[in-house]
Amino acid sequence: MSPPVLDVVDLTTEFALRGGGAARAVDGVSFSLARGEIVGLVGESGSGKSVTGFSLMGLIDPPGRVAGGSVRLNGAELAGMDAEGLRARRGREIAMIFQDPVATLNPLLTVGAQMRMALAAHARTPRRAADDRCAAALARVGIPAARDRLAAYPHEFSGGMRQRVAIAIALLHAPSVVIADEPTTALDVSVQAQILVEMRALAAETGLSLIWISHDLAVVSGFASRILVMYAGRVVEQGPAEAVLRAPRHPYTRGLIDSLPAAAKPGEPLRQIPGGAPSLGALPPGCAFAPRCPRAAGACRAAPPVETREGARAWRCLFPLEAGA
Amino acid sequence: MSAPSTPLALFWADFRENRVALAALAMVALIALAAIFAPLIAPQNPYDLATLSLMDARRPPGFVGSGGYVHLLGTDPQGRDLVSAILYGLRISIQIGVAAGAVALTLGATLGVAAAYLGGRLEALIMRAVDLQLSFPPILLALVLSALLGQGRLQLIAALVAAQYAYFARTAYGAASAERRKDYVEAALATPLSGRRVVFRHLLPNCAPPLIVVATVQIANAISLEATLSFLGLGLPVNEPSLGMLIANGFPYMMSGRSWISVYPGVALIVLIVAINLVGDQVRDQFNPRLRR
Amino acid sequence: MSEAFLSVEAVSKTFAPRLSLGERIAAALGAPPAKRPLQAVREVSLEIRRGETLGLVGESGCGKSTLGRMIAGIAAPSAGAVSLDGDPVMRGGRKATTRVQTVFQDPFASLDPRMKVGDAIAEGPVAHGLVAKPQARAYVAGWLDRCGLDPAMADRWPHQFSGGQRQRVAIARALAMQPDLLVCDEPVASLDVSIQAQILNLLMDLRRDLGLTCLFVSHDISIVRHVSDRVAVMYLGRIVELGPAASVLARPAHPYSLGLLESAPRLSLDGRSTFRPIPGDVPSPLAPPPGCAFAPRCSLAQDACRAAPPPLSEVAPERFSACLRADVLTGRPPGQASHMSGA
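Residue numbers (the UniProt record's numbering), protein chains in the order written: chain A, 1 to 325; chain R, 1 to 293; chain Z, 1 to 343.
Bound-form chain A, shown alone (with noise of 0.2 Å):
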């Protein structure tokens, strides 16, 4: 087998709090990608899933810090790399792909302009070659007539075709992997399905590595073949996507798993996960998940449980669920 493209251990980033200390957005987070390969990163909103994305794009900004682990791409540790080397990286070995793409667009240059400029960030291009090469880029992410959309705004873009201008910038420089951070969450679910089935031939197609977050388990089940699971700031659960979603071993993806309408019968009350998700700043001092757990009990209080791995699965639970249940 190949080594890895991308091989994070034991990433922690941390925020520093107003009143003094720091919550920890990550904390201890180990996965690797291979090359061609889907990634779900699956979690809800706080639980450091894109914070995970921020700081492997070396994007953390302060108050907040990157406060341990290594993150080595193609070969090369980027933690403690200077910023010089992040931006060297940044865009062709590794890019990102926002929920938003008003916020990546400038709404006052073409989109031609804009991929001219984010071209000549790594390599010089003549004029003519350089629109070549946009052209093929957003016709390779479906975009019709892509020549003569390169003297077109952002806003002559329907939503899904802008977030399809995004990917395209992004892919300008065949980086070998892609953050996508809920790039569909936004769209309406026929485009999102179009761009699912377009991400998937590209990355089967040009060996693209994809780490794909989305707080959906159901976009992310047909689509990534792996899946983390994440609670708090850490990863829970991870392993082969079909594992995983068959037989759980952590009781948070089991209930996020049983929440859904589509495992209920119509009419029949959703089996729901009592209470709310933790506030980073006051961590229980065991299991985060413990509060709402079914399974829970004092020594799940006492500390965070380490990851017990199996194959090629892992999860952190002190009473993981039966393999089979």
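There may be inaccurate statements among the hints.
Claimed, not checked - In silico BS3-like links for lysine-lysine, alpha-carbon gap of 25 Å or less:
(1) Z:95 / R:182
(2) Z:116 / R:182
(3) Z:133 / Z:95
(4) Z:133 / Z:116
Claimed, not checked - Residues from chain Z that face chain R, not an exhaustive set, calculated with beta carbons under 10 Å:
(5) 73
(6) 95
(7) 98
(8) 107
(9) 111
(10) 112
(11) 113
(12) 119
(13) 123
(14) 124
(15) 128
(16) 139
(17) 142
(18) 266
(19) 267
(20) 320
None of these hints come from the bench; they were simulated from the model.
Quick reminder that beta carbons are idealized off the backbone N, C-alpha and C, glycines included.
Got chain A; can you put chains R and Z on it based on the hints?
Chains R and Z only, in chain A's frame:
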């Protein structure tokens, strides 16, 4: 200590963290108290012509006058004790500034919120008038009006209100048309609650933050506008000098070594205006969601 | 139509373009209009039966929210009428009844940040004499408890609540008005997944216990399927399909409903999901196609589809579809019909 929960308590907790603003607030409070209690603190009633003596006129700071007490900041060309004159002058300036600010706020907020809430022709009419007025420099408007209306406190306040209400109207209109579209206003209308209740219980309280910011700045502006008018001789009658008139009175002597007559009232005016603006800056920062953590 | 509790008759909503002074003068002088009016809802007729939950599903810009707002008495129809038990919901541009109440999508926006939640819940009932002021506290406490919140929370401010708790407050506020019809406009769309189930369960409990009639507006088919008795599918301002939720979503009679169903992400346990996107984009509502609005994206479309918008007609008992070729769909199970919407 329990965590603050009411909006006011939260606001105060944030405000306290900025020491400059806190000091400025203390200064404003001190000046306001000194102005309110001027008759008790001031060694002399500068409006009582009987206590004035031309023998004491234009004396330097530290001079012991015919009243038998020390003139700490000297005296003016009419023989007034400058400490007393400044305290009484501040009293007038603050009274007029606050009164003009309050009336302009009420008038402007009413017009602005009414325009935003009712919409249609009324909205167009009010806001075009406001825009037209905003294109004139306020000082020009105030000058013309006080020249037309003549001297006196009420006339001065009227001139200042006319020069300033448009700022409040614009701000209130902007805030109210943004709030008007929010779901909670829609929820109130969908209950349904009466238009009056929606405006007074929901719309106005939520338009308050920007209006409070504008009000602090505009009170400072009203005070300096009043000082300008008085300096030019258009504001108050000569026998009741406000800060602007005290400065004007000392102006001819500036170059003859008796600078204190203008300088000390000027310093009082500057301190007051700067302090109000510092408080206003902090209030604005706290109300600005983009600067909030 | 004795069962119609709420009836929507040929309702349209047109948003006039905001014209600048120059454009208005130009229009008065006879210049061709630079901006066209946006017709968000086009001649929709609908009824909600007493005690049922009607799901209204569609994508952004289809007009479902606008229709929901007209039924809720928030927006006045440009044409047509909405009435509850025979009485109009709006009169003279103002809401004329308290019997219809609304739960909004975003609980962070729908509660007044400067009003304690207890006061917000009590305000409407006190203003309309449903409860006397001295009894208001106890009344509010009852509704908070009913919605799963500690009655002592009445004295707190909205910013002290989580999203899920705020939505409970918003539901308590709507129900404290003792409505007969509850309009839920995407009530769980802004909530976390683990909280959505809590709120959906609460809504279903309350609906049953209080005998409420509900209009449930959502873009999420799986949620609509779960809570609705009947479902209406909207596309570009019109209802394209209407019928019992179970049968519509198992065997759609309109190609758009089918496409929507197949685009929706489903939890797939084998890790191989079959997203079948609808090709193309939704046409601009400013310039809709002359015939069926879905025809440009539809593989079943014929010339007749492009001539005039097909009417919503009964294709089976209780089932209505605005498709000229509905028979093709109803004749086959969805697995076989799905080739027409392939990527």
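Hints and how they fare:
no.	hint	verdict
1	Z:95 / R:182	18 Å, holds
2	Z:116 / R:182	18 Å, holds
3	Z:133 / Z:95	23 Å, holds
4	Z:133 / Z:116	16 Å, holds
5	73	6 Å, holds
6	95	4 Å, holds
7	98	7 Å, holds
8	107	9 Å, holds
9	111	6 Å, holds
10	112	4 Å, holds
11	113	7 Å, holds
12	119	9 Å, holds
13	123	7 Å, holds
14	124	4 Å, holds
15	128	8 Å, holds
16	139	15 Å, violated
17	142	18 Å, violated
18	266	31 Å, violated
19	267	31 Å, violated
20	320	29 Å, violated
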